[in-house]
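Asker: Below are the chains, spelled out letter by letter.
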Amino acid sequence: MFDQRTDFELLKAAAGKDADAFRLFMARYQERVYGLVCRFTGDRESARDLVQDIFLKVYCAAGSYTPDAGVFTWLYRITANHCINCMQSRKRDPLYAAEEDAALTPGVLSAVSRAATQEIALEQQERARMVRRALDSLPLRQKMAITLLRFEGLSYKEISRVLECSVSAVESLVFRGMDALKKTLGAELEK
Amino acid sequence: MSCTAMRKKIKACLDGELPAAEAAAVKSHLAQCPACSREAAELAKTWELLLALPDVQEAPDLIPATMARILADGENTRSRKLLRWLFPVPLSAATAALVIGLVIGIGLGRIIASTYLDRGETDTALYLEVFQDTPPQSIGDAYIKVNYAMEEKGI
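Protein sequence lines, in the order shown, are assigned to chains R and S.
So that you can map any letter, position 150 of the first sequence is 150 in the working numbering, and since no number is skipped, the others follow by simple counting.
Here the working numbering = 1-based position in the second sequence + 191.
Just so you know, these hints were derived from the structure itself, not from any lab.
A virtual CB, placed ideally from N, CA and C, is assigned to each residue, including glycine.
Wrong hints could be hidden among the right ones.
Covered stretches of chain R, going by a simulated chain S footprint (3 or more residues, C-beta under 8 Å) [to be verified]:
| no. | segment |
| --- | --- |
| 1 | 12 to 25 |
| 2 | 31 to 40 |
| 3 | 43 to 56 |
| 4 | 71 to 78 |
| 5 | 127 to 134 |
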């Protein structure tokens, strides 16, 4: 039977240790959270672990949610903070840095193989790798702002709520990020 | 507005994020400035290029694994609560108590030792008599004592 409870009601119930309510909340949002994490990290395996960590945090913080902040904003804020913190600690880990390039989006890139011919698929795959590398070279907050804007379709105002900064700061993050991407992908832009 | 200031606004303008008046100013500048216009075209192309990233595949069902972790986390919390109930004094407090106990113990030990030290020195002094030329209760001591006694009696 379809549960008609609102997100706030589900979170309130989850705060009271109602596992079923939380299961339902997670069923509603795991797809979007997973999408954002996958876009941000470019790695499906990491995304699986990160999404679990994020929902564990959401469960612990369920009692602190207030409906005056939209549930997406609240959820995306937890997601963005967790992703940025994790990537920061990974960047400091030399072992991870060595593995990072090898593990570059094998799962995500598999979608490319659906392209009509192998040659086109390879070309697309190479372009995707290049874009991924360029995105990964950005400072984490710039990368998150661009991911939220480009792939999640959030407005500057919504991004400012997620990243807990002003709209002009988001404008600046996007401008600097895009400027860096433009320079990194310069050769590709010539084509 | 200068080109540098204008370029900072181009992306926001392309995203439809600028107020109408500001957007009109940017558009009017782009129409007149070939360099900024080229910049805008490159930004738009870069923006399109980001779509080269493939679609994210369907999310796996992460609910069972997450719920298992939540349950395990709950168990850990319960275990911690049980430990706290069994040992209400935290480990750090127990360590602090041990250190304080040691300090007090050493202090008291010194006081006691100093109290008994005098007697110990006296005892040592007494026992040193053993090493005299005529130690107490030795033959020499007995001989001297007999001599003293005879002298006192005038023998």
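Asker: When the hints from earlier in the document are held up against this structure, which numbers fail?
Answerer: As far as the earlier hints go, only 4 is violated by this structure.
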